[in-house]
Amino acid sequence: MQGGLLVILTDKLFYGINYLSGNEFISQLIMVIVQIMAIFAVISLAAIIQVYMERRICGFIQDRLGPNRVGPWGLLQTVADMIKLMGKEDIIPVKAQRILWGITPMLLFIPAALIYAVFPFDDGAVFVDLNVGIFFVMAVMSQSVLMFLLGGFASENKYSFMGAMRAVAQMLSSEIPMAFAVLAVVMVSGSLKMTDIVAAQSNMWFIAVEPLAFIIFTISILMEINRTPFDLVEGESEIIAGPFTEYSGMRWALFFLAEYANLLSAAILTVTLFLGGWHGPVLPGILWFLIKVFLVIFLFMWIRWTYPRTRIDQMMALSWKVLLPLALFNIAATGIGIYIYNWM
Amino acid sequence: MEIKERVPEILRDNVLLTTVDGLFKWARSNSLWPLTSGLSCCAIEMMCAAAARFDLSRFGYEVFRPSPRQADLFIVAGTLTWKMAPPLKRLYEQMPNPKYVIAMGSCANEGGPFADAYSVVPGVDKIIPVDVYIPGCPPRPEALIEGMLKLKEKIRHPELIQKVE
Chain A
25 MQGGLLVILT DKLFYGINYL SGNEFISQLI MVIVQIMAIF AVISLAAIIQ VYMERRICGF
85 IQDRLGPNRV GPWGLLQTVA DMIKLMGKED IIPVKAQRIL WGITPMLLFI PAALIYAVFP
145 FDDGAVFVDL NVGIFFVMAV MSQSVLMFLL GGFASENKYS FMGAMRAVAQ MLSSEIPMAF
205 AVLAVVMVSG SLKMTDIVAA QSNMWFIAVE PLAFIIFTIS ILMEINRTPF DLVEGESEII
265 AGPFTEYSGM RWALFFLAEY ANLLSAAILT VTLFLGGWHG PVLPGILWFL IKVFLVIFLF
325 MWIRWTYPRT RIDQMMALSW KVLLPLALFN IAATGIGIYI YNWM
Chain B
13 MEIKERVPEI LRDNVLLTTV DGLFKWARSN SLWPLTSGLS CCAIEMMCAA AARFDLSRFG
73 YEVFRPSPRQ ADLFIVAGTL TWKMAPPLKR LYEQMPNPKY VIAMGSCANE GGPFADAYSV
133 VPGVDKIIPV DVYIPGCPPR PEALIEGMLK LKEKIRHPEL IQKVE
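Read top to bottom, the protein sequences are chains A and B. To convert a position in the first sequence, counted from 1, into our numbering, add 24. To convert a position in the second sequence, counted from 1, into our numbering, add 12.
To be clear, the hints were calculated from the coordinates, so they are not data collected in a lab. Idealized CB from N, CA, C, for every residue including glycine. Incorrect hints may have been included.
Claimed, not checked - Derived contacts from chain A toward chain B, CB cut-off under 7 Å, selection only: (1) Gly90; (2) Gln101; (3) Ala104; (4) Asp105; (5) Lys108; (6) Lys112; (7) Glu113.
Could you put the whole structure together from the sequences, leaning on the hints where they help?
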């Protein structure tokens with residue numbers, strides 16, 4: 025099988041382990057564990073890089089420097105923050121429903137990590153190539169709303185509960201335009217499989233074929249992952265910190281980690297659906313993939329530090345009255361376009 | 013025997029040794045997240061310290077957390093009245109340990125020009141323990157940053173702080 029750099033490296037590692045252990049089954053088991061660990065390593069490392077990136081980019085956009093004293097160029101700032109969060113007191117509110125409240129940060133991490141199973145990182149480098157790949161992504165992504173509701177509800181704090189209600193309203197209304205925008209891409213590529221969607225973009229990226237779907241998708245994915253201008257869930261000037269208000273120390277750090285894992289998966293999804301995945305000239309696929317993903321993350325951060333927070337009614341109106349009709353129109357236009365293309 | 017000497021000679025340049033205590037001191041002193049709270053005009057100077065000209069974020073202290081559960085540092089910025097004292101104490105008690113307090117400005121230090129007023133608390137240390145006092149009315153943003161760096165020093169070297177009787 026033809027494969028990219030990542031696949032070749034994985035094969036080499038597998039042969040090495042097989043040579044050492046001498047048992048095909050054991051070495052396959054070891055490879056599965058290595059791959060699962062790799063996902064968690066990628067998520068944690070990406071969170072640390074993204075937090076640093078966010079603070080530096082925020083600094084540059086606001087004509088400041090950002091963290092630059094801890095370690096070379098401030099690179100150890102996030103490490104210091106994480107170690108500090110580990111050493112903080114773990115406060116459990118007396119009235120909180122302890123079991124639900126305690127498992128929520130861990131539960132939130134499950135959909136955030138599960139989603140990485142179907143992303144094609146390189147030619148052939150995909151953990152599970154489901155034939156309903158993009159459908160699986162949408163389904164798993166919408167699970168995180170339950171954890172927000174659970175955390176806000178179990179905290180027994182009015183601000184937490186209001187934040188949780190907002191999270192539900194916001195995520196439900198963002199998923200529908202997002203699903204319709206993705207549907208147009210699926211119509212053009214003719215498959216729900218992630219690798220097929222990437223393969224269909226080998227000549228022409230879908231951002232050129234479906235520019236309207238790209239804009240709708242970008243706006244609604246920003247709503248989905250709660251980033252400014254749509255970070256109403258934790259709008260600190262209104263509801264303190266939303267569902268996270270009562271969480272301290274490491275529990276809150278897990279929420280934080282899941283938030284940045286979601287940002288990374290949103291960027292990967294954008295790259296896979298619209299920017300040609302790992303396709304690109306000269307450089308190996310995985311490098312192109314990383315370059316595109318970090319450019320999209322930069323775009324999201326640029327948007328975050330440029331626009332102020334919207335009100336909840338403005339966000340709902342945008343989602344239901346503007347994005348949804350546009351997405352439906354886009355589907356009709358795509359259908360007509362495909363019909364004309366086939367007829368010619 | 014010093015623990016450093018147990019490392020083989022050939023590895024001395026490649027091995028970093030520290031204690032858990034030292035690591036946490038380093039992390040805590042480099043990541044003081046203040047609570048978003050301001051009582052009066054000193055809060056304006058506090059905001060200014062985080063903005064472009066003075067840039068508190070260079071030291072990693074710009075993460076103003078809205079919830080006391082995630083904050084490490086309480087900057088009492090302004091005049092504290094007796095009516096505001098119970099909420100202030102409650103906010104302090106809601107913060108998880110280890111927590112630090114900076115009294116910013118004359119009013120927070122000892123009541124300032126309102127020291128004799130019936131409604132003003134003469135010094136925030138009547139209500140909660142204070143780590144660093146910053147004089148000034150209001151202190152300039154540089155003074156606030158200097159105060160936070162003093163707090164950093166205090167966290168790193170707690171043995172240097174003498175107990176005042």
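A quick look at each hint next to the structure:
Using the Cβ-Cβ criterion of 7 Å, the hint placing glycine 90 of chain A at the interface with chain B is satisfied: the shortest such distance is roughly 5 Å. Evaluation of the glutamine 101 of chain A hint against chain B yields a held restraint, the C-beta minimum of about 5 Å falling below 7 Å. For alanine 104 of chain A, the shortest C-beta to C-beta distance to chain B is roughly 4 Å, which falls under 7 Å, so the interface hint holds. This hint holds: aspartate 105 of chain A has a C-beta 4 Å from the nearest C-beta of chain B, less than the 7 Å allowed.
Here the hint on lysine 108 of chain A is kept, as its CB sits about 4 Å from the closest CB of chain B, short of 7 Å. Annotation: lysine 112 of chain A was flagged as interfacial toward chain B, and the flag holds, the nearest CB pair being 5 Å apart, inside 7 Å. With a least beta-carbon distance of about 4 Å to chain B, the hint placing glutamate 113 of chain A at the interface is held under the 7 Å criterion.
Comparing the model with each earlier hint shows no violations; every hint is respected.
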